[in-house]
Amino acid sequence: MNPAADIQLASVSVGDELPAIAIPITLQRLVMEAGANRDLSLIHHDAGVARATGAPDAFANTYFLMGMFERLMRDWAGPSARIRKIGPLRMMVFNAVGDTVFFKGLVESIDEAAGTISLDMWVESDRGKTVTAKAILELRA
Amino acid sequence: MTEPTWGLWGTWEETEQHLGKVVGQSVGPDPVERGSIRRWLEPKEFACDIHTDSDAAKAAGHENLVAPASMVFTYGIAPYWSPGDKPAKIDDEPTQIQIPVIFDVPAPCDKSFATSIEVEFFEPLYPGDVVTCTSKLVDIKHKELRVGKGAFLRQEDTYTKQTGEVVAISYLDIFRFVAPAQEEES
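These protein sequences, in sequence, are chains A and B.
Position one of the first sequence corresponds to residue 1 (our numbering), numbered consecutively onward.
Position one of the second sequence corresponds to residue 1 (our numbering), numbered consecutively onward.
Just so you know, the hints here were simulated from the structure itself, not pulled from any lab data.
Keep in mind the model is a prediction, meaning the values are calculated, not measured.
Every clue listed holds true.
Simulated crosslink set (DSSO-like; lysine-lysine; CA at most 27 angstroms straight-line): (1) B:K58 to A:K85; (2) A:K85 to B:K136; (3) A:K85 to B:K141; (4) A:K85 to B:K21; (5) A:K129 to B:K143; (6) A:K134 to B:K143; (7) B:K141 to A:K134.
Estimated spans, in silico, between C-beta atoms of each pair: (8) A:E108 to B:I90: 46 to 52 angstroms; (9) B:L19 to A:D126: 40 to 46 angstroms; (10) A:D126 to B:I90: 35 to 41 angstroms.
Some chain A residues near chain B, calculated using beta-carbon distances under 8 angstroms: (11) M32; (12) D39; (13) S41; (14) E70; (15) K85; (16) I86; (17) L89; (18) M91.
Yeah, the Cβ is synthetic: ideal placement off N, Cα and C, and Gly gets one too.
This is chain A alone, in the form it adopts within the complex:
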């Protein structure tokens, strides 16, 4: 999805849902991600090391989760939106190889004076809700 149009602040309501993104976690994707975001910790691409720490397999790193939340916002809000804040982002359950994870979110509040909205976002998989994150977006008036 390449967002062509911008969401206008006036058209947003509390409770609006962002279109969910499904993405499969494969080892190839994790390797591509590690090379691209430069977090080369072994737990994110070496199943043996990851399992030794209690994880079911190699698992997605924090920067991937941050970037996917950015994509979730960008796909919905459009090219002119400014991302002002992401977080707190809390990691509760592993997002591991073999999981298909869903990034979801909704509008939590609107600050018309500041031209910003607050979002409540999360990640789901068969393991349940794995990550939560808040964010603040500045939208065109």
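Could you slot chain B onto chain A? The hints should help.
Chain B only, in chain A's frame:
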């Protein structure tokens, strides 16, 4: 979510001595450019022209194509190897991502995991920008969790570009601890 890290060993008194101080600084080795942005977008199946096309970015109010906001972390990571570094050997410990509150702040702990991160964004990153990350230890909270006894260490990372402008400020919470059995032995 346990990370297999060793960390710098020391006493809690030594940990406290670092509170409020700069504990690390790294300069990203590569300036912002289109190729690294494209490779970052690829595994996320992230399509947005403002990150790859300067005309689209300008139409959205930017001065040039703009890096994704959360890519600031990547541009602030120090190189894993540089000319002059000693050659690697097969039995060397693998190089992990540098997190100063684990590797440069002493604590009586040999395990750690990240629990939370938040980041506020200010100036955008454009091609040619170079990012410096300056890390401070800003809080220590002792706690006993199911995994063991230790403390939450909060690392404040300030990301600046070559002009001195602040790009982002993040707060990373790391729980450093020893597992109960190890603690009894020590």
